[in-house]
Amino acid sequence: MLTDELVDLSRLQFAVTALYHFLFVPLTLGLAFILVIMELTYVITDRPIYKDMTRFWGKLFGINFALGVTTGITMEFQFGTNWAYYSHYVGDIFGAPLAIEGLMAFFLESTFIGLFFFGWDKLNKWQHFMVTVLMAVGSNLSALWILIANGWMQNPVGAEFSYTTMRMEMTDFWKIVFNPDAQAKFVHTVSAGYVTASLFVLGISSYYLLKGRDLDFARRSFRIAAGFGFASALSVIVLGDESGYTVGEAQQTKMAAIEAMWHTEPAPAAFTLFALPNDTAQRNDYEIRIPYMLGLIGTRSLSQTLPGIAEIKEKNRERIERGIVAVGALERLRRDKNDWEARSLFDTHKADLGFGLLLKKYTANVAQATPEMIQQAVDSTIPRVAPLFWSFRIMVGLGFLFLVLFSLALFYSIKGNFIEKKWLLRWALWFIPMPWIAAELGWFVAEYGRQPWTIYGVLPTHLSVSNLSAANIYASLAGFIGFYTLLLVIEMYLMVKYARLGPSSLGSGKYHHEHAAGALPAGALSAKH
Amino acid sequence: MLDYETLKLVWWLLVGVLLVGFAIMDGHDMGVGTLLPFVGRNDLERRAVINTVAPHWDGNQVWFITAGGAIFAAWPLIYATAFSGFYWAMMAALWALFFRPVGFDYRSKIQNPTWRSTWDWGLFIGGAVPPIIFGVAFGNLLQGVPFQFNDTLQSTYSGSFWQLLNPFALLAGVVSLGMITFQGANYLMMRTEGDIQRRARTASLIFGALTLVSFAAAGWWVAHGIDGYVITSTVDPNALPDPLDKTVAREAGAWMHNYAHYPWAKWVPITAFIALAAGMILARVGRPGLAFIASSVACAGIIGTAGVSMFPFLMPSSLDPRSSLTVWDSVSSQLTLGVMLGATVIFMPLIIFYTSWAYKVMWGKVTTEYIRANDKSVY
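Each protein sequence line maps, in turn, to chains A and B. The numbering used here puts the first residue of the first sequence at 121, with every later residue one more than the last. The numbering used here puts the first residue of the second sequence at 14, with every later residue one more than the last.
Among the clues, some could well be false.
Below, simulated DSS-like cross-link-like pairs (lysine-lysine); rule was C-alpha separation at most 30 angstroms, straight line [stated by the list, open to error]:
hint, chain 1, residue 1, chain 2, residue 2
1, B, Lys122, A, Lys630
2, A, Lys242, B, Lys122
3, B, Lys373, A, Lys242
4, A, Lys630, B, Lys389
5, B, Lys389, A, Lys617
Residues from chain A that keep clear of chain B, each with C-beta distances beyond 12 angstroms, as calculated [stated by the list, open to error]:
hint, residue
6, Thr123
7, Thr392
8, Trp543
9, Trp556
No lab work stands behind these hints, which were simulated from the structure alone. Every residue gets a Cβ at the ideal spot worked out from N, C-alpha and C, and that includes glycine.
Modelling step: build the complete structure from the supplied sequences, incorporating the hints.
In C-alpha cells, the structure reads:
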C-alpha cells in the first residue's frame, strides 16, 4: 500500500517545498535585525539618511517576506496532507511547538510588520522603533519554535510511546523545549540567517559603490553589514550544529556519515579533509586526513571516542532484533489490551520499537522477517555517505569564506578606505547567492542525514506518509513546482528591479535616479550636463 | 491540572474560538479581496480598497495558521485524517491563498495596468476560494466522510475530490462565502467613503441576504435530509483516546438531538439569524461599525451551529462509523492539552491587545486622495 514510489514522491515534495520556503526565511531572520540596527541609529542620531536606509532595505525585506509567508502556509499544512501517519504518531509532541509558534511568534511578527510599513507617519520614532524590534523578535522566536520541533525529530526527548493511543505522548514539555539539539540548531540557523542578510546588504551596497551612486547611503549600509556580518559569520562557525552532535544517537550516525568514518578510531579521531567515499564498498577510495581534528570538534575532548559506521550498524542490528519482539508484542496488545504477558514483553522491548518498524518496509509481518530483510534494514540505518560528506564540506568551506570576506570588509570599514578596494566590492557583490547555497546544504545535511527516520529511532520515514495514490502526489508536486517557479521569477524580477533602483525607489527626491529622471527642476538637470 | 474530560471540552471550545477568530479577522480581509474587483472601478479606488487591510492582512492570516497548528496539537487525528482525506481541497485552498501575500505586496510595485488587474483577480481568488472550500469541508463533515482506520490507526480515505462537491456541501460553501463576504463588506463600509462605501453597502445587503437564505436552507436540510451519527456504546470522557473503542450508528435527524437535550443550544442558530438580519439593517441605515459587530456575531453563530449540531462528533465516518472521530477520542494527551491551554491563556490576551492597538493606530478612512499623496509608500 505504502509503495516506495509514494514515499519517495512525498519526500521529494516535502524537500522541494521546504527548500523553497528556506530561500526566504534566512533573509527575513537577519534583515529584520539589520533594520533594527539602522533604525536605532536613526532614533539616536536623528539623521534622516538612517530612516531612508531603514525604509529602503525594508522594501526589499517586504518583497522577500511576501514569499516567506506564501510558502510558509504550505509547511504548516503539509504534515497533515502528506504525512498523516506522522501527524497522528507524533502530533502530541510535534504539534505543540507549531501551535505555540503561531501564538507567541507569528502573530507578533505579522501584526507588527504591517505597522512597520504603514506606521511611519502614525507613530513617533520611538514607537516605530519598538514596532521594528518586535517584528524582528517575532521572526526569530518563530525560528526558535520551529527548531524545537525539528530538534525533537533528531533527538526525541521527553516523550513515550502509548500502546492504547498507538502514538508517542509528551511526558516532559520543558525537556522538549530545552533539548540541546534544538538549542544548538536555533543558534546556528539564526546566525546563518544573519550572515545571509549581511552579505545581501554588503553586496548590494557594493554594487552602488562600484557604480559610484548614492555613495553616502551605500557606505553607511556597507559598514553596518560588515560589522553585523563579521559577528554572525563568527558565531555560525563557532556555534555550528556540530556542538550538538555528541548529544543524541541520531547525530552520531549523521556525524559518522558526514565524516565518512567507516570504523571507530581511537580518540581523538582524525578529520577527513578530502575523500572519495564509496558507499558500495563501505570505505574511502582516497582520503586526506588531519590528525586529532574531528575528535576535538565533535567531542570537545581528547579521550572520548566517536563511533564509526560499522560499529553503529552492529548496534542497530541488535536493536532491530529486539524491535521485532516489540512489534510482535504490540500487535498482541492491540488485539487484547489485557494480555499481560504481551504487555511485560512490550515494556522490556519498547525502546527498540522503532527499529522493529524499519522492517515494515520489507514485510507486513515483521515476525516473519528473513535474515536478508534484517540485513537490508541494518544497512538502511546509515544514510548514503557521499552526498552528506560533500554537502557538509561545501557548507563549511563557504562558512570560512564568509568569515574571511567579512573580516576584510570590517577591517577596511574601520580603516575607512573600502570604497577604493574594488576587488572586495566585487567579491561581496558576486558572493550574494552563496549564503543561500550554504543554508540549503545545511538543511540537506540535517534532514537527509536523519534518514531513514522522520523521528530518529522512533518512526521510519516510509511509515510516516499519507496513504494516497502516487498519481496524486505527481500532480500536486507538479502544481507546487509550477506555482513556485512562477512566484520565484516574479520575486527575483522585483528584487533586482528595486535593488537596482536603490533608495531612489523611496520617492524622497534625494537620490541618484531621481536626479537623472528629472525629479529636480529642469534647470538643475541641464546645469548638470 | 484540569481533569481530562474538562480539557477535552475546553479544547473543543478553543478550536471553535480560533475558527471564529479566523472568520472575523482573516474573514474580513478575504471578503475585501472578494469584493475588490467589483467595488473598485479604477486603479485608485482599488488601491484604496486594498489599503483598508494593507497593514493587517498578514496578522489576520495568522488566525488561519494558528488554527491549523492548534488542530495539529490538540486533535492530531483530525489534522492527519481530514487534511490527507481532503487532499485536493486542501491543495486548492493553499494555492488560492498563495495569491494573497504576493498580490497585496507586489501589485502596486509596478505601474502596469495588466499587471495590476491580474493581481486584483488573484486577490479575488485568494479571498473567495478558501471560504468556499472551508464551507464545503464543513458540509462534508456534517454528512460523514468515507474513511477508516486499521489496527494501528493508519487512515485510508476512499472518496474523491469530486464527491466532496455534492449539493449539500456546495450549499454549505455558499453559506461560508456569503458570511465571509458580508463580513468584508461591512468592514469596507467602515474604512471607506463615497462611491466605494456605497458599493460596499450594496454588497453587504446582497451577501447578508445570501447568507441568511442559504443558512436557513442548510438548517432545514440538516434537520430533514441528512443522517446524523450517534455513539451507541457507553462513553468514558476521561478515557485515553482510542477511536476504535466505540460503536456508532447513523440515524436520521440525529444532528437535532443536542437541541432537544440542551434547550439553550437553540440560541446558537437563533443568534446567527438575528445577527445576520441586524447586520443587514444596520448596514442599510448606515451604521457600519455596528453592522460589522453583528456580522462578527453571525460568524460565531454559524460556526457554532455546525459545532453544536455535531457534538461530540468532529469527523464522522460514513464508511466505517466506529472509526468516527469525536471530541473524546481524537485528542492529544492530557499533558499536551494542558500545556497548550497554558500557552493560549498567556498569549491570546496579548494578541488581542496588540492587534487592537495596531488597528487603532491605522484607523481612519482610506481615501483616493490619501493613496495619491502616499503613492510610493502604500500598496
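Quick rundown of the hints versus the structure:
1. B:Lys122 x A:Lys630: 20 angstroms, holds
2. A:Lys242 x B:Lys122: Answer holds: A:Lys242 to B:Lys122 is near 22 angstroms, not above 30 angstroms.
3. B:Lys373 x A:Lys242: Since the Cα atoms of B:Lys373 and A:Lys242 sit roughly 10 angstroms apart, the hinted pair holds (cutoff 30 angstroms).
4. A:Lys630 x B:Lys389: Holds, because 14 angstroms separates the two Cα atoms, which is no more than 30 angstroms.
5. B:Lys389 x A:Lys617: Holds, at roughly 15 angstroms.
6. Thr123: A:Thr123 clear of chain B: closest Cβ-Cβ about 14 angstroms, beyond 12 angstroms.
7. Thr392: Check passes; 41 angstroms lies beyond 12 angstroms.
8. Trp543: Since the minimum Cβ distance to chain B is about 34 angstroms, A:Trp543 lies beyond 12 angstroms and the statement holds.
9. Trp556: A:Trp556 is indeed farther than 12 angstroms from all Cβ atoms of chain B, at 20 angstroms.
In the structure shown, no violation is registered for any of the earlier numbered hints.
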